[in-house]
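Colleague: Each chain sits in its own coordinate frame; assemble them with the hints.
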Amino acid sequence: MIKKFIRILLLSLWFGAITFPFTGIRNAILLSISIMASLILWNTLSKGIIKREGIEIVSKRIQTFSSKIPRRILALFFIFLFLILPLFMNNYFIDITNLTGIYIILALGLNVVVGLAGLLNLGFVAFYAIGAYSYAILSTQANFSFWASLPIVILLVGISGILLGFPALRLKGDYLAIVTLGFGEMTRLVLNNWDSVTKGPNGILNIAPPEVGSIVFREPIHYYYLILIFVILTTFAIKRINNSKIGRAWVAIREDEVAAEAMGIDTVRMKLLSFSFGAIWAGLGGVLFAAKMRFVSPESFTFFESVIILCMVILGGLGSIAGVILGTMILVLLPEALRGFEHYRMLALGAGLILMMVFKPEGILGGPRKRAELRPDDERIYMQEIETIKK
Amino acid sequence: MLKLENIYSSYGPIEALKGINIEIKEKEIVCLIGGNGAGKSTTLMTISGINRPKRGRILFEGKEIHNIPPHRIVEIGISQVPEGRRILPKLTVRENLEMGAFTRGKKETEKVLPWIYEIFPVLKEREKQAGGTLSGGEQQMLAIARALMAKPKLLLLDEPSLGLAPIIAGKIFKIIREINDKGVTVLLVEQNAKAALKLSHRGYVMETGRIVMEDSAESLLNDPGVRKAYLGE
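Protein chains in written order, with the working numbering: chain A, 1 to 391; chain B, 1001 to 1233.
Relax, there's no trap hidden among the hints.
Some chain B residues close to chain A (C-beta under 10 Å, calculated; not the full set): (1) Gly-1049; (2) Arg-1072; (3) Val-1074; (4) Ser-1079; (5) Ile-1087; (6) Pro-1089; (7) Thr-1103; (8) Met-1149; (9) Ala-1150.
These are computed hints drawn from the structure, not numbers from a lab. Every value quoted in this text rests on a predicted model; they were computed, and no experiment measured them. We put the CB at the ideal spot given by N, CA and C, even for glycine.
The shape of chain B in the complex, shown without the other chains (with noise of 0.2 Å):
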């Protein structure tokens, strides 16, 4: 579904991304698992487009995007949740699903909110409160919500359980296998790589703008190698 080819990104002199490969196939949940600084968060916005690659390609669907601006690639079907949640304060959570669904018509919110409210019942229930009166967990789920609203095919999610009481975590990991139950194809990058692995299909861990590693969930989860540097074993 989604191709990235020997891409290479760069801040200014800083080279963060030193040829990456991935490949994701429908309906999988993927992780990008790694320390500070190797790249993941980098890799998400190279795919969703606010970060041009210097070199290399990134095909969607057997297309190449990687020259696209990020409001076509909303379009396209590609959702990102930018690290760090990013909600609009002060709109209601209406209002910041509405935006959500920038790219949609006026019709397709409306179809597409029930929706949205069967996934996040708390959502509807604080449908006319203000974004920034929600509580953290509330907020990640009022982000993964948003995204979703624009009907992506792939969901790029950056750090969902960043900030947020392991059980709050837990509940949007859940929210995570059950969205992909639904058929979006999920590309995860955590800190948590315990949480992501178990949540995982496949995963591929990053070291200073490498891919050093690519495997199913289960034989990372079992690697010594990877227990050891990102398990805490």
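Chain A with its partners taken away, still in its complex shape (with noise of 0.2 Å):
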């Protein structure tokens, strides 16, 4: 109790004094003491009596109402709701959920890099370079349509996946992570000085616009609906996978390699699929990112990005979709939503990313076995925890 008493001092002490040479010294003090209320309210909220007694009576309630509607029928509740959703937003809002929609397809994608074979890619946003150039290049410069070249840009993407796992997959953990990032940072190198194909960091223009019959797709609305059905495409084929033998097969790998390869699991197949699965994703979300901005430039696939994305993932929870997505959503919409911060909204942002891992290092709805790998000293708990969810 007095250990996180302290811990929570020290935090918002901390807070003060990183935010004290922008925002002065009376505003540090505010902030301290405001992010000291409202972690020692929360602590006591969430640990204290009213957890025992209220809230848990209440989640439980929550629990059992959801699990008796079932699934299929939420579902597509959630889809007639973001079918009208667009019905009452503005072309802004719009086009900021389009853009929410196509990190989702790269957070899923990466998630089953990192979440499920657990190998981890700080190299992600190449894929989602090579998807958006080759989108670009197809329509500049041989006139393909967004539909025909489609199918050949995940072909492509599938293919770098497994080029880059090659080298890769003799590495773990750390190793790896490296030799990914130099992959991403090599890509936006080659698409910044490889003038006669990529024209260099102007970027491309004029990309086409899809098309269905007769309809051009020029409004936010448009793409929206477009991002939706692709979205929901994503969702449903890595819930399948992840349900499959091959999922499966990627949890036993990331638990235990030897183990794995003891129980006749092609190990290295395994990887490589799932490096060239993960960029698939990546790979359409640039195609769809390149049709929505009908422009590409290496500016917009910085390491930045990938670090954002692999955020996303984390935060929402690690393995899990709804938490993926969910990590997603919060990701794109706070520095929205932050923007009367004006340039603080990003230290606002990294606070808020790091009390997170402070005190819920398994992410917003990540399952009980990710918090039983980060927190062993209550291991025994979370597995009662388990059981009683398998029951």
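Modeller: Shown next, in the form of structure tokens:
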């Protein structure tokens, strides 16, 4: 208890100290106090009497209630909600929602590699870039339509996933992360310097918008429905593979590679598959991005993008599909919501992420399995939790 | 059934195996005994394909298998229970078992499960529990059961009694005998030489990467050299 209080005290002082140079002493003290107050409040609420007797009962009720509604009806309800949603939004919000959709596809793809197979990929943005540029080049130089390019681009990105996978396979953990990071930077540098094909830093202009019949996609609302379809498709596909034999093989490789090998899992093939399967969704996100912006340049594919996508996956909860979607929504919408803070918004975002990692490292919707990994001292409690869930 | 011919293996500059010859006949229990670093575990890893031999041949039912990757070895009918059990602690017992039958189809999994639960009634009781919550002995049973899920003809066991109380270890040895009675050939690596030899039909004694002795388990148990070096008498 005292330990926790000291932790809260130090955290708030630390935040005060780092914001002091920007905001002046008065604001820094106010910020420290407000962070301290909210943390204490949150801790007493979640750990104290209210949780045990109030929140727990409510959350159980919600759980039993939601388990009574068939999942299909729940899914249909959400699809319906998203279908009518843009009718109530202006173009600015639809545009942000479109961006969120693209990031959801990317984050779900990265979740396959990092969350399921446990391979840390810091160069994920490379596949996003390859997807976007492939469509841009096919569209401007070969006059391919959106729909004709899609399968070609996906094939290309899948192959590049395997190409990265081959040299990276013999590496583990941090070393793998460095190689993938290098791959991401390499791709960006090639795009920046291969003037004859990629037009260098100027980027490629006038990419053809998608067409269906005689309708040409121009308004944000058109893209909204296009992206919505692909988000649903991605979620469905990744959910299926999650529960399949391949998904379980990935989990086994993540948990214990030697055991996985002894069980007859072809670890080389499965790792390559996870790289290339994850890359496919990044490629799809890239095509959608290029089609929506109608312009691509190397600037959109910096290392920072890889980090943000990784943050989305981790914030929501590694390995959980709903968590990844939630994490993406937060990380795209929060900077927009924080626009009032002007140039402090990135600071506020960073602070939020740090608080999150200190108090809930498993992510917002991270399952008990992940929590057990991160907090081994509490392992037994969470193991029991798993059991009750399985029952 | 299994034949190792003049197997050499090394980790970098260190030679772990220097010309190993082992032969195992069908329905036998054969044990490998020897001190730490004698190359017992390396021998098992080499058979299961996780470790590639530098020289020599491995024959299984008359076919060369030393160039086959580990996942194919499991399909052919050799399953390994790795040292230290290596169950997946966050998956349930049932999920662990299903992972063991990875190379077989879903229908076969359903067929094998009752047979497994007959040998290991404890695991049926704990079916829905996370693997990490089992006791050491139960985890070892789970590891053996998981290997059996692939319906192997030959089972490789690496130190099944490691870190277990003597009574529990005895239980595990009894189970190994039972599995052997059901027609599975067993190659056993053990530090507990006495218990291993009592269980086995034949034994090999290894020292620094070489086989120094090979005999029926009974004569090894009575051999004065072995008694002195490995049975603590």
